[in-house]
Amino acid sequence: MRILLMGNPNVGKSVIFSRLTGVHVISSNYPGTTVGYTQGTMKLGEGQAEIIDVPGTYTLEPTCEAERIALEMLPSGDVVVNVVDATNLERNLYLTLQLLESNVPVVVALNLWDDTKHRGIGIDLDKLRELLGVPVIPTVAVSGEGIKDLVSIIPRAVSPPQKARTSEERWAAVGQIVAQVQQISHRHHTWLEHMADASIRPLTGSIMALAILAGTFVAVRFISESLISYAIDPLFERLWAPVILRLSDLLGGSGLLHDLLIGNTTGGEIDFPGALGLLTTGLYVEFGMVLPYVFSFYLALGLLEDIGYLPRLAVLVDTVMHRLGLHGYAVIPTLLGFGCNVPGILATRILESKRERFIAATLISIAIPCASLQAMIFGLVGDRGVEYVLMVYGTLLAVWVVLGLILRYGVKGFTPELLIEIPPYRVPSRQAVLQKLWRRIRGFVVEATPIVLGGVLLINLFYSFGIFDAIADAAAPVVTTVLGLPKEAVVALIMGFLRKDVALGLMAPLDMTAGQLVVGSVVLAMSFPCIATFVILLREFGLRGVLKATAIMVAASLIAGGILNLILS
Amino acid sequence: MTEKPRTDGERLTAARMATGQSATVVEIKGGQGLVNRLDALGIRPGKRITKVSAAFMHGPVVVRVDRAEVAIGFGMARKIAVQPD
Numbered sequence: 001m002r003i004l005l006m007g008n009p010n011v012g013k014s015v016i017f018s019r020l021t022g023v024h025v026i027s028s029n030y031p032g033t034t035v036g037y038t039q040g041t042m043k044l045g046e047g048q049a050e051i052i053d054v055p056g057t058y059t060l061e062p063t064c065e066a067e068r069i070a071l072e073m074l075p076s077g078d079v080v081v082n083v084v085d086a087t088n089l090e091r092n093l094y095l096t097l098q099l100l101e102s103n104v105p106v107v108v109a110l111n112l113w114d115d116t117k118h119r120g121i122g123i124d125l126d127k128l129r130e131l132l133g134v135p136v137i138p139t140v141a142v143s144g145e146g147i148k149d150l151v152s153i154i155p156r157a158v159s160p161p162q163k164a165r166t167s168e169e170r171w172a173a174v175g176q177i178v179a180q181v182q183q184i185s186h187r188h189h190t191w192l193e194h195m196a197d198a199s200i201r202p203l204t205g206s207i208m209a210l211a212i213l214a215g216t217f218v219a220v221r222f223i224s225e226s227l228i229s230y231a232i233d234p235l236f237e238r239l240w241a242p243v244i245l246r247l248s249d250l251l252g253g254s255g256l257l258h259d260l261l262i263g264n265t266t267g268g269e270i271d272f273p274g275a276l277g278l279l280t281t282g283l284y285v286e287f288g289m290v291l292p293y294v295f296s297f298y299l300a301l302g303l304l305e306d307i308g309y310l311p312r313l314a315v316l317v318d319t320v321m322h323r324l325g326l327h328g329y330a331v332i333p334t335l336l337g338f339g340c341n342v343p344g345i346l347a348t349r350i351l352e353s354k355r356e357r358f359i360a361a362t363l364i365s366i367a368i369p370c371a372s373l374q375a376m377i378f379g380l381v382g383d384r385g386v387e388y389v390l391m392v393y394g395t396l397l398a399v400w401v402v403l404g405l406i407l408r409y410g411v412k413g414f415t416p417e418l419l420i421e422i423p424p425y426r427v428p429s430r431q432a433v434l435q436k437l438w439r440r441i442r443g444f445v446v447e448a449t450p451i452v453l454g455g456v457l458l459i460n461l462f463y464s465f466g467i468f469d470a471i472a473d474a475a476a477p478v479v480t481t482v483l484g485l486p487k488e489a490v491v492a493l494i495m496g497f498l499r500k501d502v503a504l505g506l507m508a509p510l511d512m513t514a515g516q517l518v519v520g521s522v523v524l525a526m527s528f529p530c531i532a533t534f535v536i537l538l539r540e541f542g543l544r545g546v547l548k549a550t551a552i553m554v555a556a557s558l559i560a561g562g563i564l565n566l567i568l569s
Numbered sequence: 001m002t003e004k005p006r007t008d009g010e011r012l013t014a015a016r017m018a019t020g021q022s023a024t025v026v027e028i029k030g031g032q033g034l035v036n037r038l039d040a041l042g043i044r045p046g047k048r049i050t051k052v053s054a055a056f057m058h059g060p061v062v063v064r065v066d067r068a069e070v071a072i073g074f075g076m077a078r079k080i081a082v083q084p085d
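First to last, the sequence lines map onto chains A and B. Using our numbering, the letters of the first sequence correspond one by one to residues 1 to 569. Using our numbering, the letters of the second sequence correspond one by one to residues 1 to 85.
You may find that some hints are simply not true.
[Said to hold, decoys possible] What the simulated footprint calls covered on chain A by chain B, stretch by stretch (three residues with Cβ under 8 Å from a Cβ of chain B suffice, anywhere in the stretch; the number is not a length):
hint, stretch
1, 49–61
2, 85–97
3, 131–142
[Said to hold, decoys possible] Derived DSBU-like pairs: lysine-lysine, alpha-carbon spacing no greater than 35 Å straight-line:
hint, chain 1, residue 1, chain 2, residue 2
4, B, K79, A, K412
5, B, K29, A, K412
6, B, K47, A, K117
7, B, K79, A, K163
8, B, K47, A, K127
9, A, K354, B, K29
The hints are simulated quantities; they were obtained by calculation from the structure and are not laboratory data. Heads up, the beta-carbon is just placed ideally off N, CA and C, and yes, glycines get one too.
Start from the sequences, fold in the hints, and give me the full structure.
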């Protein structure tokens with residue numbers, strides 16, 4: 001049996017989904033689209049049932065791609081569990097009536113039931129059951145209340161005979177139902193609602209947004225660094241290093257295979273970030289440097305999502321983002337890019353038009369420094385003084401804005417206007433947050449691991465066969481004249497195409513002035529993203545898209561670096 | 001700077017409502033696509049909306065309709081003709 005979970009966006013559908021299913025949940029993209037959905041299994045009586053969390057939809061007369069897909073999925077279901085926001089019956093029942101009209105067996109989960117009491121809403125359940133002709137179960141997904149009843153009633157889903165209605169007739173029918181079952185008593189604003197209003201007004205909202213974002217960054221950095229220092233580094237050094245050293249002995253301590261798998265082991269110690277072997281640097285980059293940041297970023301993002309903050313942030317920044325040819329929602333992938341560009345670019349899928357996705361992804365890969373690069377900038381440039389770090393960040397911000405302005409006019413297509421519902425603030429469900437975090441991390445590891453390992457292997461081969469030196473000789477004149485950097489910095493910059501943090505490390509011993517370091521950091525940050533980002537760009541935008549982004553990147557980093565060089569030297 | 005006087009034929013729109021003001025939607029002056037999208041969010045002729053906030057520089061406006069809040073791009077909000085209470 002196949003159960004479809006359908007309802008308006010922001011009614012707690014995903015929380016109900018996580019209550020009904022276990023951890024064995026798969027997220028997929030609907031074929032040929034960027035719209036994702038999740039699928040799992042649940043116990044139903046003696047047997048198992050497949051359950052699908054269909055993208056949120058307001059109507060079965062589709063107004064966007066997600067709604068079109070929801071409509072397409074409808075015939076594949078044996079039963080529809082229609083999740084309804086009990087605090088907003090009128091708008092939700094419109095979809096309910098459409099579902100009933102499409103002659104599929106339905107049960108209604110009247111979710112957010114506890115909220116009706118706080119909000120002074122009384123609903124006559126028996127009357128609602130009678131008028132709809134299907135089972136109606138009040139639920140509080142966050143606490144799990146009503147979920148058991150919901151599961152036991154699913155087999156009793158029915159499809160009462162309906163006449164087809166026009167949109168107007170349907171709204172009229174909804175109006176009649178609501179008038180008979182709902183009573184509203186007066187009540188005061190709760191503090192959460194006052195907060196909700198304040199967080200969307202331009203002035204108070206901006207102040208809150210800055211505080212929330214700053215708090216998030218501090219928390220993410222703290223969690224990630226703690227994970228690295230107290231959990232992951234000790235694991236690598238105490239448990240993995242002895243294994244590797246043993247293996248190194250077995251392989252005879254040198255040779256091509258040794259260099260590819262383990263890399264440089266001079267001095268009998270292993271420098272995990274720099275050894276360049278698959279089993280050393282390859283694993284360490286993925287699990288020791290990137291994963292901790294991806295973990296804490298996704299945790300913070302999942303919380304902000306489920307609390308209901310992100311739509312407000314999108315509204316606040318929409319004005320600015322539209323000047324750059326983007327939609328307010330582009331703020332989410334951009335924020336993610338600060339952790340790692342890969343999830344940032346993947347998250348551009350939430351944007352509707354291809355143009356927005358290209359602009360957002362290009363801006364992220366050029367002007368948003370990822371966490372490991374930021375760590376290197378702080379370490380290397382920060383040594384010379386905070387003002388130089390600010391110079392690097394200031395330049396990147398300026399590049400983001402200027403490049404966005406240029407792309408807005410240069411990239412064809414249009415950016416749709418913002419039209420979103422803003423859900424009230426809600427206390428997130430721990431289970432739903434953790435399930436989402438697990439799903440995202442698993443997806444990231446599965447996608448990124450082969451790419452990172454392949455990248456490390458490639459760098460290693462380039463190194464072994466002297467290809468880097470050849471490229472460096474060819475590029476040297478441009479680097480020394482336009483950017484004013486020493487010739488040796490070329491190797492570092494070329495390396496940056498593949499591993500930015502390592503590249504910045506290569507600049508450390510070059511005896512450069514603070515100004516040169518600023519130029520070097522900016523060019524490195526802007527010039528092509530690490531190999532993982534490159535592959536993701538390729539997959540998401542095709543070869544043409546990547547070539548276009550690359551051309552923009554080369555031009556932008558040379559211009560920005562050249563101008564900085566003129567100012568600083 | 002003085003406010004430009006409104007000519008007789010010109011209706012108030014959701015874009016120009018004052019924060020906190022309530023009004024009834026009279027007409028959506030847009031194509032079927034926009035009418036459908038707003039309809040799905042519960043904004044249709046006859047509904048009473050209250051403006052919650054507006055962003056600077058022609059940014060999105062936020063209105064409350066029934067118990068939901070909806071953010072609407074300025075250009076779209078300009079197409080929602082309303083009759084103030």
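Okay, the hints, checked on the actual structure:
1. Closer than 8 Å: that is the beta-carbon criterion, and the stretch 49–61 of chain A has 3 residues meeting it against chain B, so the requirement of 3 holds.
2. Given as covered by chain B, the stretch 85–97 of chain A passes the check, having 5 residues with a CB less than 8 Å from a CB of that chain where 3 are the minimum.
3. Only residues whose C-beta sits within less than 8 Å of a C-beta in chain B count toward coverage, and the stretch 131–142 of chain A has 0 of them, not enough to reach three; the restraint is violated.
4. About 25 Å separates the Cα atoms of K79(B) and K412(A), which keeps this hinted pair within 35 Å; it holds.
5. At most 35 Å may separate the alpha-carbon atoms for a hinted pair to count; K29(B) and K412(A) meet this at roughly 27 Å.
6. Distance check on the hinted pair: K47(B) and K117(A) sit about 24 Å apart at the alpha-carbon level, within 35 Å; holds.
7. A C-alpha spacing of about 33 Å is found between K79(B) and K163(A), which places the hinted pair at or below 35 Å, so the restraint holds.
8. Proximity of K47(B) to K127(A) is assessed by CA-CA distance (about 25 Å); at most 35 Å being required, the pair is judged to hold.
9. Distance hint between K354(A) and K29(B) is fulfilled; the C-alpha atoms sit about 27 Å from each other, no more than 35 Å.
Checked against the numbered hints listed earlier, the structure breaks hint 3 alone; every other hint is satisfied.
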